[in-house]
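Now for the letters of each chain:
Protein chains: 4
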Amino acid sequence: MIVVIRAGATQDKIDEVIEEVRKLGYEPRPIVGELQTVIAAIGDERIHHTLESLRVLPQVESVLRVQKRYKLASRETRFENTVVDVDGVAIGGEEFVLMAGPCSVESEEQLLETARAVKAAGAKILRGGAYKPRTSPYEFQGLGREGLRLLQLAKAETGLKIITEVLSERDVAHVAEVADILQIGARNAQNFRLLVEAARTRKPILLKRGLSERIEEWLLAAEYILAEGNPSVLLCERGIRTFETWTRNTLDLSAVAIAKQESHLPVIVDPSQGCGRADLVRALSKGAVALGADGLLVEVHPLPAEALSDGQQQLDFRGFNTLVADIRPFTAAAGRRSP
Amino acid sequence: MIVVIRAGATQDKIDEVIEEVRKLGYEPRPIVGELQTVIAAIGDERIHHTLESLRVLPQVESVLRVQKRYKLASRETRFENTVVDVDGVAIGGEEFVLMAGPCSVESEEQLLETARAVKAAGAKILRGGAYKPRTSPYEFQGLGREGLRLLQLAKAETGLKIITEVLSERDVAHVAEVADILQIGARNAQNFRLLVEAARTRKPILLKRGLSERIEEWLLAAEYILAEGNPSVLLCERGIRTFETWTRNTLDLSAVAIAKQESHLPVIVDPSQGCGRADLVRALSKGAVALGADGLLVEVHPLPAEALSDGQQQLDFRGFNTLVADIRPFTAAAGRRSP
Amino acid sequence: MIVVIRAGATQDKIDEVIEEVRKLGYEPRPIVGELQTVIAAIGDERIHHTLESLRVLPQVESVLRVQKRYKLASRETRFENTVVDVDGVAIGGEEFVLMAGPCSVESEEQLLETARAVKAAGAKILRGGAYKPRTSPYEFQGLGREGLRLLQLAKAETGLKIITEVLSERDVAHVAEVADILQIGARNAQNFRLLVEAARTRKPILLKRGLSERIEEWLLAAEYILAEGNPSVLLCERGIRTFETWTRNTLDLSAVAIAKQESHLPVIVDPSQGCGRADLVRALSKGAVALGADGLLVEVHPLPAEALSDGQQQLDFRGFNTLVADIRPFTAAAGRRSP
Amino acid sequence: MIVVIRAGATQDKIDEVIEEVRKLGYEPRPIVGELQTVIAAIGDERIHHTLESLRVLPQVESVLRVQKRYKLASRETRFENTVVDVDGVAIGGEEFVLMAGPCSVESEEQLLETARAVKAAGAKILRGGAYKPRTSPYEFQGLGREGLRLLQLAKAETGLKIITEVLSERDVAHVAEVADILQIGARNAQNFRLLVEAARTRKPILLKRGLSERIEEWLLAAEYILAEGNPSVLLCERGIRTFETWTRNTLDLSAVAIAKQESHLPVIVDPSQGCGRADLVRALSKGAVALGADGLLVEVHPLPAEALSDGQQQLDFRGFNTLVADIRPFTAAAGRRSP
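Chains as they are written, first to last, in our numbering: chain A, 1 to 339; chain B, 1001 to 1339; chain C, 2001 to 2339; chain D, 3001 to 3339.
Since the hints were derived computationally from the structure, they do not count as laboratory data. The C-beta atom is built at its ideal place from N, Cα and C for all residues, glycine as well. You may find that some hints are simply not true.
What the hints assert, rightly or not - Covered by chain D, according to a simulated footprint, are these stretches of chain B (three or more residues, beta-carbon under 8 Å):
id, segment
1, 1213-1225
2, 1280-1286
3, 1290-1296
Only chain A is shown next, with the shape it has when bound in the complex (with noise of 0.2 Å):
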């Protein structure tokens, strides 16, 4: 870390803090500049006390972090793209992979007929919410456990691999049973005890980025994942938040080049929550594999103007199978293998 002192800091007080650097188990370099000095603090930043609370000096004008804090989710540590494997379906490598299904799973019907089309359209693995955080208790709260039956009715009747949303710790073991990749939303994406316990149950977890979380700070969430043993994560860039108002979110594509850039785990892009909006999703898609993305996680729907939940993000079959054929020709481009 460099510890930058204020200009105009007498001796005494640069020492008070280079006296404070190395309590705190540092070695502390001072260098002198023309017209402040600075206090470059030698040792491993992760394994030592932040120097961070020294802004408290009133000497002490920033602190400026130099090393990176995490370490499993980075190149760095592994240079080779990590490629999970879901119950046969490697997701990582040369196939773009399609996960779809509606947001809500709401009945047998609607999720079976649903699950018929997108494995028809090419999908490898169905979506569908049980559990269903509602920005307002009034709203659809998912069918629950019966909504984990009905998957796994799809899953035995289509052979599609589930991913579904956990919500609970408490539900971590029974999700677990049906899911073949755990979903953590981007409300929960800081919500490290989730996080532990769904990486303890060994499966693949897709873990969304938070509405307004930072780059660095979704891959610290992933870390989580990483240091409790479980190196099967899913980064799923799902829309952040911004002072837009066209779409619910602004989904960041460049997180896509940058994840890939700087992490060797695979990129998963929802462009369905990540503009809110059916009309931009096949557009989105195509952005999505043209920046590196892994795959792909789309809302669809056999009827979305009277859908449950989010209808107007949501595909209708016709629209998924236009999408899966627009996107074609980009994962060619981009030298994938197609759905």
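Dock chains B, C and D against chain A, hints included.
Relative to the frame of chain A, chains B, C and D by itself:
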């Protein structure tokens, strides 16, 4: 709700929307304007299906909500200020209430020393984190149950009430044994399962606003607690995430005025998290008083430079004493009883 | 417009609003709902007084706009894509157009060398800043008229068309003598007087989106130019300001798809400013193509590490050649003619 | 500056950076850490080339600034508060100063009536827009020179000083004939050519913070004026753009405290633009006083519901009188002389 039809839509397409509005439980009232038709949908938006899903229809340009989504949190439901009773300490009444203590409980000495100091300065409630949500898994995660034991000790010795954060549904029961107020942190602001579990203890809940939570969403999160039959919610503004990098968060003091105007619930301000810099805490505290806050949640530590978490934003005892003196003229100006 | 009356308002108070709506030029149509009354105001919102001012009345809860605020920029007014003719180079047509060159014009050698390199790689238009808007007064402010002279020279030698930024109404005339496209930068995105002055030259205008400009506002800024009788507007997405600190700006590629859907104007992407890091420019360029952009504006410099401005985001010649090769499969996938 | 070298870089690659640092005018001081090497570059960052361009080198991970980028605006250069003299009205001194008047000058009657009312309530300075920057070209653009004539009339009658916005370099001279303070609006906050032109009149300049301008950038914009030899800068916080939609902007009151701490310049708050809702203006004004602001800029109109611009945020005369009464106890608490 108001469904706005695109300019130039044919009558057939308009009729299709009218039919769908009826099907979803509303009475449709078309209004033909000079350029566009809109359909007013008569019905209680909180009990019917949302019409936002109609935006998937190509002839629909937008869907506008008319009604507020929360009810119990609103002054329309309860006009008088709610006064929350924390085991004899009234919050939301005439007195301006101070909650103070360390970011993390670190040791018996640290906690007791701080408890005595903040009590002497006028605080009624002791804060201290036993379970800490930390961005990185390599940072200090709190003392856990040992931290709770120390809080219990401090309470026994000083008579201060205790506020401490709960991170997990599984911890709610044993945290509630010690805590007089359960704190829900910003990262769990929309962890609805935790909100519901905490609500069921019937203890007062301090609900922090999420990092990028709109005020409407914050009140809807409160609504989860109120709808569970627990009326004792303290709203807490603690800074939002913006583009500004000078401070860790941008304390949104306007949210205090809005929350007080829109809701009957007490509003607390956390100036320490709110800016992440000790040198701004006093100024922000004065602002909080002026905007109508009912109390403060302030981080105080015997030796901030060596704190195990967030030292840069903690006041030492002298700093806290000065803060209390500083806000006194402002609490008087605001017609509040000083701490 | 829709004026939403607060629940519980008396008929007198409702009538007062109705009267005011009529007075401001609209025909009021009250709709009595289950819980609330709304007043639909019939009339063209673009020629009448806005009703948003009615929000000052205590019985008015909110005022909702129905109609779009822009007209000439909308596909409702002109359905076909606008193709802007830049002295023989068509933008917005079949060909994907590359504009490239240094952030700042620094010297004859630097500019000519770059002009030759980007032309050889396929660029049709040379960029280069003669007037530079710099955050600090102590930073390099551009060569001014001497920079324009060098651009003229480069144009004469290479036949490339010229795009360069104009910062001041006073410079418009002499910049327009050299430039084939006048660039309006993000900091002047709502400097309406400059927009109007630039529009009057009848030259094509590349209009960058402001740092925190909503898409609606961007199209309204374009409307200023179009309303002046100049149809040759190129919209340019160049990154918005968000909470993310990894990149200087967050390139909003979704805005490309939205702008193409909502407007008939060509859309250009500036990936260099868009992220502020050379190592992301190629990936973002591929994304821009996939999202439907009509061209790129890329910063290229012979020796970025020693550039006088924004070296960190500039590609060297080899980097630009690789970019051109990289995007080729994607322009093909997008059905565009490659540069 | 501190150049951080990637972990694992070879000595050759490190030497290359060292050489480049020297070439760009700094003295390089390498510090070999446990995991990474950093190079401290000794030299005045304000007169040398920035080293941020070195980030294009693959072995460079990041470049950290040490030094502040502004100088004249800083308390390090001038410790005492600057008091700006506006033709006999001192801003930044003991008295808390009120500037008030309509958003737009609309007519002689409207302006004079308002001028008399705000003077009677205690305002010293009359605001009123003659040139209006409007998001849409179809909105009222101000009366222009006729508006200036009316401001002159109001000044002659009431003796109030005048503040009015200038939008264009070309208007600076004739606006300065009438205005005692030239206002630079948020949309022109980084229109540096306008700042310089306004500075040259030697009139006091009220410099609004841009919609998404960081505090550092705001002070750097002030630096443009100060560097031109005009010391009379009033910083004005007027709300920033965030994700919140309850208010038009989020008034950043913490910026008031920061600006007062970091700079010697007076700070004014515009609560009207700051929230865009008349019902919050009084509360925010109290907050502004508590945070240390030196004055307010408030929009007042005889009949806000019928105002030609931004009626929703304007107070009527009674509202303004109440505001003045409301803030009085707080100006006293802040040790300021009441208006």
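Taking the hints in turn, this is what the structure says about them:
no. : hint      : verdict
1   : 1213-1225 : holds (count 3)
2   : 1280-1286 : holds (count 4)
3   : 1290-1296 : holds (count 3)
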